[in-house]
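Taken in order, these protein sequences are the chains called P and G.
End of the first sequence = 294 in numbering that gives the first Met the number 0, gap-free, step of one.
End of the second sequence = 294 in numbering that gives the first Met the number 0, gap-free, step of one.
Hint data in this document are derived by calculation from the structure and do not stem from the laboratory.
Predicted model only: the values in this text are computed from it and were never measured.
Among the hints, a few may not be true.
If several chains are the same, the list does not tell them apart, and a pair holds so long as it fits within one copy or across any two.
What the hints assert, rightly or not - Below, a list of computed lysine to any residue pairs in the SDA-like style, where the Cα atoms sit at most 25 Å apart:
no. : residue 1 : residue 2
1   : Lys93     : Leu235
2   : Lys33     : Gly128
3   : Lys33     : Pro271
4   : Lys33     : Val64
5   : Lys33     : Glu232
6   : Lys93     : Arg249
7   : Lys33     : Pro229
8   : Lys93     : Ala272
9   : Lys93     : His292
10  : Lys93     : Glu65
11  : Lys93     : Glu136
12  : Lys33     : Gly259
13  : Lys33     : Gly215
14  : Lys33     : Arg135
15  : Lys93     : Arg83
16  : Lys33     : Pro206
17  : Lys93     : Ala258
18  : Lys93     : Gly75
19  : Lys93     : Glu30
20  : Lys33     : Lys93
21  : Lys93     : Ala111
Protein chains: 2
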Amino acid sequence: MGGTSDEAGGRESRGGWGSGGDLTRLSINQETLKQWSLPELAAGCVALGVDQVGLWRAPVQEYGVERAAELMRDNGLTVTSLCRGGFFTASDPKERAAALDDNRAAIDEAAALGTGTLVLVSGGLPAGGRDIAAARERVADAIAVLAPYAADHRVRLAIEPLHPMYASDRCVISTLGQALDIAERFPAAQVGVVVDTYHLWWDDRAPGQIVRAGAGGRIACFQVADWVTPLPEGVLLGRGQLGDGCVDLRGFREQVDAAGYRGAVEVEIFSPALWAREGADVAAEIADRYLRHVC
Amino acid sequence: MGGTSDEAGGRESRGGWGSGGDLTRLSINQETLKQWSLPELAAGCVALGVDQVGLWRAPVQEYGVERAAELMRDNGLTVTSLCRGGFFTASDPKERAAALDDNRAAIDEAAALGTGTLVLVSGGLPAGGRDIAAARERVADAIAVLAPYAADHRVRLAIEPLHPMYASDRCVISTLGQALDIAERFPAAQVGVVVDTYHLWWDDRAPGQIVRAGAGGRIACFQVADWVTPLPEGVLLGRGQLGDGCVDLRGFREQVDAAGYRGAVEVEIFSPALWAREGADVAAEIADRYLRHVC
Numbered sequence: 000m001g002g003t004s005d006e007a008g009g010r011e012s013r014g015g016w017g018s019g020g021d022l023t024r025l026s027i028n029q030e031t032l033k034q035w036s037l038p039e040l041a042a043g044c045v046a047l048g049v050d051q052v053g054l055w056r057a058p059v060q061e062y063g064v065e066r067a068a069e070l071m072r073d074n075g076l077t078v079t080s081l082c083r084g085g086f087f088t089a090s091d092p093k094e095r096a097a098a099l100d101d102n103r104a105a106i107d108e109a110a111a112l113g114t115g116t117l118v119l120v121s122g123g124l125p126a127g128g129r130d131i132a133a134a135r136e137r138v139a140d141a142i143a144v145l146a147p148y149a150a151d152h153r154v155r156l157a158i159e160p161l162h163p164m165y166a167s168d169r170c171v172i173s174t175l176g177q178a179l180d181i182a183e184r185f186p187a188a189q190v191g192v193v194v195d196t197y198h199l200w201w202d203d204r205a206p207g208q209i210v211r212a213g214a215g216g217r218i219a220c221f222q223v224a225d226w227v228t229p230l231p232e233g234v235l236l237g238r239g240q241l242g243d244g245c246v247d248l249r250g251f252r253e254q255v256d257a258a259g260y261r262g263a264v265e266v267e268i269f270s271p272a273l274w275a276r277e278g279a280d281v282a283a284e285i286a287d288r289y290l291r292h293v294c
Numbered sequence: 000m001g002g003t004s005d006e007a008g009g010r011e012s013r014g015g016w017g018s019g020g021d022l023t024r025l026s027i028n029q030e031t032l033k034q035w036s037l038p039e040l041a042a043g044c045v046a047l048g049v050d051q052v053g054l055w056r057a058p059v060q061e062y063g064v065e066r067a068a069e070l071m072r073d074n075g076l077t078v079t080s081l082c083r084g085g086f087f088t089a090s091d092p093k094e095r096a097a098a099l100d101d102n103r104a105a106i107d108e109a110a111a112l113g114t115g116t117l118v119l120v121s122g123g124l125p126a127g128g129r130d131i132a133a134a135r136e137r138v139a140d141a142i143a144v145l146a147p148y149a150a151d152h153r154v155r156l157a158i159e160p161l162h163p164m165y166a167s168d169r170c171v172i173s174t175l176g177q178a179l180d181i182a183e184r185f186p187a188a189q190v191g192v193v194v195d196t197y198h199l200w201w202d203d204r205a206p207g208q209i210v211r212a213g214a215g216g217r218i219a220c221f222q223v224a225d226w227v228t229p230l231p232e233g234v235l236l237g238r239g240q241l242g243d244g245c246v247d248l249r250g251f252r253e254q255v256d257a258a259g260y261r262g263a264v265e266v267e268i269f270s271p272a273l274w275a276r277e278g279a280d281v282a283a284e285i286a287d288r289y290l291r292h293v294c
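Modelling step: build the complete structure from the supplied sequences, incorporating the hints.
This is the structure we're talking about:
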């Protein structure tokens with residue numbers, strides 16, 4: 000969790016955000032501002048009055064994990080999540096062992112960054128594979144191996160259901176219900192779920208599953224992005240700025256709140272259109288859109 | 000339904016399909032062979048030993064509805080479905096009235112073609128809309144208006160759940176469960192559902208919903224296409240030839256059969272790669288793939 004309202008007020012008084020809006024819960028995921036280096040991200044968030052960020056492994060590794068942790072600490076930034084572990088679905092034993100090793104490294108990195116949440120993108124079908132049920136079981140098997148290791152490092156594994164359009168090549172876990180079916184095999188302190196509006200907005204069962212997730216203390220992370228069309232080739236980089244699409248973002252936020260979630264609202268938008276712009280402009284727009292469409 | 004096995008044998012003996020495979024249940028959806036005119040489609044199916052086709056409104060209208068019906072009859076072809084009615088989700092009253100009129104025309108055309116199945120693509124969210132639950136209710140409202148008219152014309156409305164990646168701009172009905180939730184408000188003879196492998200393969204609840212659909216006599220149409228990635232821009236025209244992707248097509252066919260479905264297996268693949276090839280080659284490949292991956 001980020002700062003209290005008083006702290007947020009303090010940030011605002013140092014000139015970051017003039018509108019008086021409450022950015023206490025806002026976390027900016029680094030991938031949303033890919034044009035920024037880690038120091039630029041830290042400085043930009045401080046300037047804006049945002050004290051939470053979501054980080055990704057590759058840029059953190061490039062900068063140096065310990066150095067990144069120090070940079071965040073020095074700027075008073077809390078790391079709300081690390082993306083990402085996962086890719087558990089290989090059927091080849093060597094590949095599976097390598098994936099487990101890589102996930103242990105991800106847990107180590109999350110612990111070093113001081114975040115309690117490692118987001119898991121579970122993986123798609125192996126080449127030539129057609130058995131999605133078996134692939135989902137391999138996800139559960141891998142989590143069974145990793146959860147105790149994560150718990151030892153005070154990191155919670157957060158299973159992220161991805162939109163069904165990614166089911167074959169990125170993530171066989173497509174609904175919040177499926178994510179919870181696996182998460183609930185483990186203690187809530189060890190395995191939670193990610194609620195991401197981009198992936199779940201279409202699902203009429205999501206509201207009920209949010210209640211279920213909240214009742215079990217399973218909501219580890221809440222991410223927001225809007226849904227816009229047409230989808231680009233490959234469908235990875237077509238997320239919309241908050242308010243530009245058809246997702247009832249405020250409705251989602253109210254649902255996770257009603258389910259007992261008190262954590263950050265992490266803005267994670269993969270969009271070449273945003274990446275092409277001046278980072279500070281995008282960050283200010285995100286804060287504005289967050290206040291208007293999510294708060 | 001198409002011909003009996005004896006009739007299929009007769010077709011084969013006239014030289015259509017040399018492998019001895021049973022094409023009795025195969026129906027070729029016209030959109031799969033978009034490079035063919037209606038007469039070419041009819042001749043090509045006869046040559047292949049296929050006696051069922053799925054048709055689309057626009058090319059049928061262009062050719063003339065009565066003339067198309069005659070062409071099909073003259074070639075001994077059964078029309079297994081007409082695509083498509085639907086697009087029921089406008090909130091503007093004038094647009095809604097126009098959609099209902101257009102759907103009545105679609106029902107008339109289906110009746111003229113002698114098919115008992117009008118496939119419904121329900122429509123996406125209206126511009127600026129964010130209330131997907133309300134849009135789904137408008138789908139049900141429209142079907143309530145149209146079902147008696149369809150029944151008078153011996154046409155069954157077949158609600159097709161489309162993959163969730165189309166939820167915002169084409170179809171707010173994304174799962175077989177949602178389709179059945181609406182269909183079951185009406186008599187089974189009036190409103191059924193479409194089971195399309197391309198749209199449903201990712202859903203762990205689909206098998207149970209197929210059982211539910213079969214038990215209620217709701218499976219009006221069974222369509223097959225494979226799932227391949229990367230998806231193209233706009234995600235409309237990225238379907239895979241049978242066997243090229245990750246869908247357990249035979250498993251789906253066995254499930255609908257076990258649920259009591261005895262109708263056609265309609266191959267509906269939107270693929271510029273297939274459209275660019277010689278129609279007869281594509282048709283022969285479809286028959287071969289059907290026998291190897293679906294039968």
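Now for the hints, and whether the structure bears them out:
1. Proximity of Lys93 to Leu235 under the C-alpha cut-off of 25 Å is found in neither arrangement, the shortest distances being 28 Å within a copy and 37 Å between copies.
2. In this assembly of identical chains, Lys33 and Gly128 lie within 25 Å of each other by CA distance neither inside one copy nor across copies; the values are 33 Å within and 30 Å between.
3. For the identical chains of this complex, Lys33 and Pro271 are intra-copy neighbours only, at 9 Å inside a copy versus 34 Å across copies, given an alpha-carbon limit of 25 Å.
4. Taking CA atoms no more than 25 Å apart as the test, Lys33 paired with Val64 passes inside one copy only; the shortest distance there is 18 Å, against 55 Å between copies.
5. Taking identical chains as interchangeable, the C-alpha atoms of Lys33 and Glu232 lie at most 25 Å apart whether they share a chain (20 Å) or sit on different chains (23 Å).
6. Proximity of Lys93 to Arg249 under the C-alpha cut-off of 25 Å is found in neither arrangement, the shortest distances being 44 Å within a copy and 30 Å between copies.
7. For the homomeric pair Lys33 and Pro229, the shortest alpha-carbon distances inside one copy (22 Å) and between copies (23 Å) are both at most 25 Å.
8. For a Cα distance limit of 25 Å, the shortest separation of Lys93 from Ala272 qualifies neither inside one copy, at 39 Å, nor across copies, at 36 Å.
9. Neither within a single protomer nor between protomers do Lys93 and His292 lie at most 25 Å apart by alpha-carbon distance, with minima of 46 Å and 30 Å respectively.
10. With identical chains, the CA atoms of Lys93 and Glu65 are never at most 25 Å apart, being 29 Å at best within one copy and 62 Å at best between copies.
11. Proximity of Lys93 and Glu136 under a CA criterion of 25 Å is satisfied intra-copy only: 18 Å inside one chain copy versus 50 Å between copies.
12. Proximity of Lys33 to Gly259 under the C-alpha cut-off of 25 Å is found in neither arrangement, the shortest distances being 31 Å within a copy and 53 Å between copies.
13. Within a single copy, Lys33 and Gly215 get their C-alpha atoms no closer than 34 Å, and across copies no closer than 51 Å, so neither meets the 25 Å cut-off.
14. Taking the closest pair of Cα atoms, Lys33 and Arg135 never come within 25 Å of each other, the shortest separation being 31 Å inside a single copy and 37 Å across copies.
15. Proximity of Lys93 and Arg83 under a CA criterion of 25 Å is satisfied intra-copy only: 20 Å inside one chain copy versus 49 Å between copies.
16. In this assembly of identical chains, Lys33 and Pro206 lie within 25 Å of each other by CA distance neither inside one copy nor across copies; the values are 31 Å within and 41 Å between.
17. Neither within a single protomer nor between protomers do Lys93 and Ala258 lie at most 25 Å apart by alpha-carbon distance, with minima of 40 Å and 40 Å respectively.
18. For a Cα distance limit of 25 Å, the shortest separation of Lys93 from Gly75 qualifies neither inside one copy, at 41 Å, nor across copies, at 56 Å.
19. With identical chains, the CA atoms of Lys93 and Glu30 are never at most 25 Å apart, being 30 Å at best within one copy and 44 Å at best between copies.
20. Taking the shortest Cα distances, Lys33 and Lys93 never come within 25 Å of each other, neither inside one copy (33 Å) nor across copies (45 Å).
21. Taking the closest pair of Cα atoms, Lys93 and Ala111 never come within 25 Å of each other, the shortest separation being 27 Å inside a single copy and 60 Å across copies.
Going through the hint list in order, the structure does not satisfy hints 1, 2, 6, 8, 9, 10, 12, 13, 14, 16, 17, 18, 19, 20, 21.
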